Amino acid sequence: MSAASIEARFRLVRPGFTLDVDLDLPGHGVTALFGPSGSGKTTLLRLIAGLAHTGDGRLLMKGEVWQDGSACLPAHKRALGYVFQEASLFPHLSARSNLEYGIRRAASPLDRAALDHVVELLGIARLLERMPHQLSGGERQRVAIARALAVRPRLLLMDEPLSALDLARKQEILPYLERMHAELDIPVLYVSHATDEVARLADHIVVLEAGKTVAQGPFDAVLSDVGLPVRLNEDAGVVLEGRVVERDAGWHLARVEFPGGSLWVRDEGHGVGDRLRLRVLARDVSLSHAAHTDSSFLNQLQAQVDALGDDTHPALVLARLAVGGQSLLARLTRRAAASLQLAPGKAVWAQIKDVAVVG
Amino acid sequence: MSDADWLALATTLKLAAATTLVLLVVGTPVAWWLARTRNRLAVAVEAVVALPLVLPPTVLGFYMLVALGPRGFIGGTLQDLGWHHLAFSFTGLVVASTLYSLPFMVQPLKDAFAAVGERMLDAAATLRAGPWDRFFSVVLPLSRRGFLTATTLTFAHTVGEFGVVLMVGGNIPGETRVLSIAIYDHAEALDYASAHVLAGGLLAASFLLLLLVYFLNRRYHVVHA
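These protein sequences, in sequence, are chains E and R.
No gaps in the numbering here: position 217 of the first sequence is 1002 in my numbering, and each next residue is one more.
No gaps in the numbering here: position 199 of the second sequence is 203 in my numbering, and each next residue is one more.
Looking at chain E on its own, in the form it has when it is part of the complex (with noise of 0.2 Å):
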């Protein structure tokens, strides 16, 4: 524990369910909430951000305490901003007057200028006039995120924000919450089941299962760690960090470096500078002795066998590839492991058959 992260424990008993979780969260940074649903993200937000309540459970926000015991400070106390599932705006006041009814509350809202930068970088300057019936459901998030940056929380509290919206609604937000990710500062709780929206967004991951953590930490290392069954939607795969370095214009493609290696991608249009997040999966990776010529892959890496697991199905291993300082996963046959005599420190060549970029 230290004073910079934010401890929480919690135990919560209910006819059929019970949450009973023990997390050490970064002070900085997204770190998602994943799980299937019924697996408690939601009512793990609700008892940090004070709206549920158990008497057994104990939580540090950055050496502040907010709760010990059944000693428990109300959510109107906490330092917070919540952002819900659906549009939670008060349908009787406009947007702006939805942005003001917590600066006028909160003990440090923030200021002109900063606020000014929240409504430019979610881009609702021109809807603040509006009443919430006459704004979108994508429209009316948004608004929804600045109210509650607006009180200049310490912590950002979100419950699936983007799951009532449709795909193209999605696709409108999350390039709002990337550069909200990007450009403020704020510790950042983000509950999802979607694999999309964690896979560019988180920085570290919870996984939930049934109201316990079956693994916490740092987003790539959680995700490649073949001894543990995470699976974004069933799929194992791990995602890259890079940044586009070279694009050619003539074969529609872009070549991303990230720490160990590059990889070519489709060209989405992205300048020479940006970064981009990359999804490898398992499925998408095979390994061989030496370096294919003759074959249609587009990128092939050389990579360091690190650890071996199981697979969902016994015919299947998961292999974890050191590649410089980052991991891929592959997925092969059991049999092919074995031809290939696979083990820790191996030297392989891993082809990747497909790249997707998730933003």
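Do not take every clue at face value.
On the chain E side, residues computed to face chain R include the following (Cβ under 8 Å) [as the list claims (entries may be wrong)]:
| # | residue |
| --- | --- |
| 1 | 866 |
| 2 | 873 |
| 3 | 886 |
| 4 | 890 |
| 5 | 891 |
| 6 | 893 |
If we take Cβ atoms under 7 Å as the criterion, some of the chain R residues that face chain E in the derived model are [stated by the list, open to error]:
| # | residue |
| --- | --- |
| 7 | 129 |
| 8 | 130 |
| 9 | 131 |
| 10 | 134 |
| 11 | 146 |
| 12 | 149 |
Hints are computed from structural coordinates only; laboratory data are not their basis.
If you're wondering where the values come from, they're calculated on a predicted model, not measured in any experiment.
Note that the Cβ used here is the ideal one computed from N, Cα and C, for glycine as well.
Starting from the known structure of chain E, arrange chain R on it as the hints suggest.
Below, chain R alone, put in the same frame as chain E:
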């Protein structure tokens, strides 16, 4: 209209206004509690609140008369404290009317409060609003239709009551003689012309009042759609 009728009208309006005010203060917390509690006793409380809807007014009036009279639980206590008992008094009428019109205040408010939803209150709490602040800044404005309905129904229902008034208040001009009693008196005396004036007036006024409420409710509804 005779002077006596005008006096009855004034008494009626005074009684309805007083009852509505008392019920706003008393009924709001009851409705709030009923809308949000998970206490098992809530069902019993709800049934008690709804009793005046099904009881003959004379039953309620009879018990109120007993309770407010000189030997009753309330009236007797007041007398022991050196005050006057409440039977056949305007104050007694207000007390009885408050009970009699309770469901007309509580039920619309309860529905309105329930419709505000937990999420609005949670959102307000995470924006630093304490419990009282949440009630006045979020619940109250979002339940204004409920308040409009509850206030109007309570007022109109009190104006129209007869049985309870007859039992508890009697027929004292300027104190407990209200319009419905005056109409009864006129009809008893076969003065149908005077009865027509009061009855017709009451009918028209009640209709216009309800018309206004439903019109306003509809307009708010459109605004909030």
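Quick check: which numbered hints come out false for this structure? 6, 12
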